[in-house]
Each structure stands twice: as structure tokens, then as C-alpha cells.
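Just so you know, the protein sequences line up as chains A and B, in that order.
For what it's worth, my numbering labels the leading residue of the first sequence as 10, then goes sequentially.
For what it's worth, my numbering labels the leading residue of the second sequence as 97, then goes sequentially.
By construction, these hints were calculated from the structure, which means they are not laboratory data.
For each label pair, taking beta carbons as the anchor points, the in silico distance ranges come out as:
| id | chain 1 | residue 1 | chain 2 | residue 2 | range |
| --- | --- | --- | --- | --- | --- |
| 1 | A | Arg161 | B | Ile310 | 45 to 53 Å |
| 2 | A | Tyr138 | B | Leu118 | 27 to 35 Å |
| 3 | B | Ile162 | A | Ser35 | 25 to 33 Å |
Within a straight-line C-alpha distance of at most 27 Å, the following computed DSS-like cross-link-like pairs (lysine-lysine) qualify:
| id | chain 1 | residue 1 | chain 2 | residue 2 |
| --- | --- | --- | --- | --- |
| 4 | B | Lys330 | B | Lys152 |
| 5 | A | Lys42 | B | Lys335 |
| 6 | B | Lys152 | B | Lys335 |
| 7 | B | Lys330 | B | Lys286 |
| 8 | A | Lys42 | B | Lys330 |
Note that the structure is predicted; figures quoted are calculated from it, not measured.
Glycine included, each C-beta is placed from N, C-alpha and C at the ideal position.
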Amino acid sequence: MKQSGVGLALIISVFIASVLQLVPVSGYLLVLKPNFLLLVVIGWIIFRPSQWGIGFAAFTGLLADLIFRAPIGMHVLLFSAVGAIPLYLSGWLVYFSLIHRCLFVFFLIILAEFMRNILLLMWEIPMDYSYILMTALASAAVWPAIDRLLIRVNRKR
Amino acid sequence: MAAHNYTNWFDPIENFFDNALLPAHWLATVPARFNAWGELILSDRFDLEVENTRLKQESLIHRGQIQRMADLAAENLRLRLLLNATELLMDSVLVTEVIGVSPSRNSHTLFIDRGTEDNVYVGQPILDAEGLMGQVIEVFDEHSVALLITDSTHAIPVQILRNGLRSIAEGTSDYDRLRLRFVSPTADIKEGDQLVSSGLGGRFPVGYPVGSVINIEHNSGASFVEVDITPAAKIDRSKHLLLVFTSKDGGEVGRSQ
Numbered sequence: 010m011k012q013s014g015v016g017l018a019l020i021i022s023v024f025i026a027s028v029l030q031l032v033p034v035s036g037y038l039l040v041l042k043p044n045f046l047l048l049v050v051i052g053w054i055i056f057r058p059s060q061w062g063i064g065f066a067a068f069t070g071l072l073a074d075l076i077f078r079a080p081i082g083m084h085v086l087l088f089s090a091v092g093a094i095p096l097y098l099s100g101w102l103v104y105f106s107l108i109h110r111c112l113f114v115f116f117l118i119i120l121a122e123f124m125r126n127i128l129l130l131m132w133e134i135p136m137d138y139s140y141i142l143m144t145a146l147a148s149a150a151v152w153p154a155i156d157r158l159l160i161r162v163n164r165k166r
Numbered sequence: 097m098a099a100h101n102y103t104n105w106f107d108p109i110e111n112f113f114d115n116a117l118l119p120a121h122w123l124a125t126v127p128a129r130f131n132a133w134g135e136l137i138l139s140d141r142f143d144l145e146v147e148n149t150r151l152k153q154e155s156l157i158h159r160g161q162i163q164r165m166a167d168l169a170a171e172n173l174r175l176r177l178l179l180n181a182t183e184l185l186m187d188s189v190l191v192t193e194v195i196g197v198s199p200s201r202n203s204h205t206l207f208i209d210r211g212t213e214d215n216v217y218v219g220q221p222i223l224d225a226e227g228l229m230g231q232v233i234e235v236f237d238e239h240s241v242a243l244l245i246t247d248s249t250h251a252i253p254v255q256i257l258r259n260g261l262r263s264i265a266e267g268t269s270d271y272d273r274l275r276l277r278f279v280s281p282t283a284d285i286k287e288g289d290q291l292v293s294s295g296l297g298g299r300f301p302v303g304y305p306v307g308s309v310i311n312i313e314h315n316s317g318a319s320f321v322e323v324d325i326t327p328a329a330k331i332d333r334s335k336h337l338l339l340v341f342t343s344k345d346g347g348e349v350g351r352s353q
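The following block holds chain A by itself, in its conformation from the complex (with noise of 0.2 Å):
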């Protein structure tokens, strides 16, 4: 695919992301839903290492920030932070089998879910803890597609 095409994938796959973050939901779903921004970043980090890292990540912190009404550089600390990882390890990352990937997203789903508790106590926010895993397992049931269609839209450079 083009420089433009993949430029024009990655604007679309972040579109959808924050229109699937917006969708509302209540209940036990709310602890089920995962964050399809910072998945999406991971999944065009571990692709696409040396054109969309760190950069990529912190602004789309800051699109998160704004959807979520996070303060401002919440989600920028928390998305360049955990982007790093996978823009470090991604030259084996590509290599790993897809339960492989599945499995180190649901690890940095668990590190993220700790870091924005940790940003939020500073608001004095209370959290439960008890959802983290919850969230993390529903990342990664839900990675696989994102690693499909990554995966695609790299073949076909």
C-alpha cells in the first residue's frame, strides 16, 4: 500500500476507535469495554515501528484526553509510556504468533489499567481495582481483529 493509503488506514482506524470508545454502555459492559484508542496504537506501533511511535502515541493520548475529558496529558503520559514497550520489543513482536501478541496485549492492557489508576489518585479519584482484569481480557479477545486487519493493511505495501 502507498505511503497515502496506509496514512488514510491509520486516520480511519482511529476515527472508528474513538466512535467505539464514544458507544454508550452501561452495566457490566462498562468493565468489558476496552480502550480501542491505546489498542490501536499498539497495534500500529508494533506494524509500523518506524514511522508511527512515540509522536503518534502521545497525540493520540490527547485525542483521548479530549474524548475521555481526561485532564489534558493524562492519556499523552499514559499512551507514550506504554507505546515505548512495544516500539521497543516490536522487532520480535511481528514475529510472535497471534496467542503470543494476545497475550503480551493483555499484559500491557493490565500495566496501563495500573498507570491510569495511579494518575487518577492524584484527583483524588477512587478506583476499583477489581475491573483491571476484566478490561484486560476483553483487549485482547478483541486484538485479534485488530491484528488481522493491521496485518492486512501492511501486506499490502
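Position chain B relative to chain A; hints supplied.
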């Protein structure tokens, strides 16, 4: 983050983005709209007729109750005049629809389809059919943002309906739970007690249902008891809400619909 917390430098950016995000909110609610439309299309004519009859009966009952309430309100006003008490505040309401919900588990905010064009103002209380939902925190031309009473940054002065005991109900970031602050271990409060807004602070009108006590936890050695409240309003389910316009002497500020 510190700049965002202590200054309002980012307000223009956030306001611009809130407006820009409206189409995304609309897209995000398409599945729910489609579901509602599908239910309507697939529903049986007989079921609709039964529902219509039931709603008409309910409407009749409510009209009767309103007449009784009007009588009680007039009597209350006469008694207050006899006691030289302050004037009653009369409320009018405006129906609004939820057009978006904050995707964050920790930020309990709603987007509603009324703005400055409908005289909505910051601090305006919002209700659903069951009780108080929250208050408006930002107003735009055609939409507004409301903070729910379950948000951890929100607190509302309440009183127990049974004995008038006053307290403050704080949000807990849980849609099904509020918490009372600074309740003495000797306070007359028990499970099942109904709480209504006390009107202290002047932000919320008096007497709207807030919730009911579901759990009281006495910790030995603690200065206060922990009291859990379940909100009266269907915080995460209500789609149509009421904006309350309060004016002295019952003057019409907003539009009743």
C-alpha cells in the same frame, strides 16, 4: 496536567473539540437508535395497543395525583404565608434527550441536546422520571454537558425524608452508589430511608428524590459511619431527561413540554 487543573487555558480547545465530537457521538449512538427502531418495527400491533392503553391509564392516574399535589401545594403556600416563611420556588421543566455519554469509567458526564438557545445555564439541575440525575456544567449553542451525581467530584446536599437529618451525598464513580459524608454514629438513619435534596447551597431545588440508604457500616473507632446510597434515578439508563428551571413566584423561565 497541572496547567489543565489550575488554569482555564485549555477551555477553548476543549469547547471546540466538544462541538467537533458531536457527529462521532451521533455515530456512536446509531446502534442504540437502530435497536429502538427495530423493536418498534418488530413489535406486534396488539402489544402496542395494550401498551397504549396502559400508558393512557397511567397518565390518568398521574393527572389525578397532580391535581391532589396542586391542592397540597396551595395549602402549603397558605401555611408558609401564615408563618411569614420565604416564598416557595416554583419549577418548570424542559424535556431533553441524551445524545452522548462520557466513555470514561471515572468521568460520569452526559451530553444533552439543549443549549443556550433553550436558555440552559451552568448549574441547572437535571432529573429523570425517578429522581435527580446531576447538573449542567458546560453549555454550548445546541448542546450541553451534564455532570452526574455519581461522579466522584460531585456532591449534593441531602436530607432524610423521614426525619430531616441533613448530610452530603458524594459520588463514588459507581453508577449504582453514592456515599453520605460525615454521618455521626448516633445519627437516626437506617436502611431503606429515602433521601431528597435539601436545597442547601441553592444549587438544587428542595425535595427531589436522590436515593435510598442500602447499607450502613459502623467501624469501631471511626468518627463517622459509612452510609451507602443507591440513586433513585436510572443514572446509566435514562434517555429522556428534564431540565429544571427554578424561578421565584412561579414565573415561567423555561418552556414546559
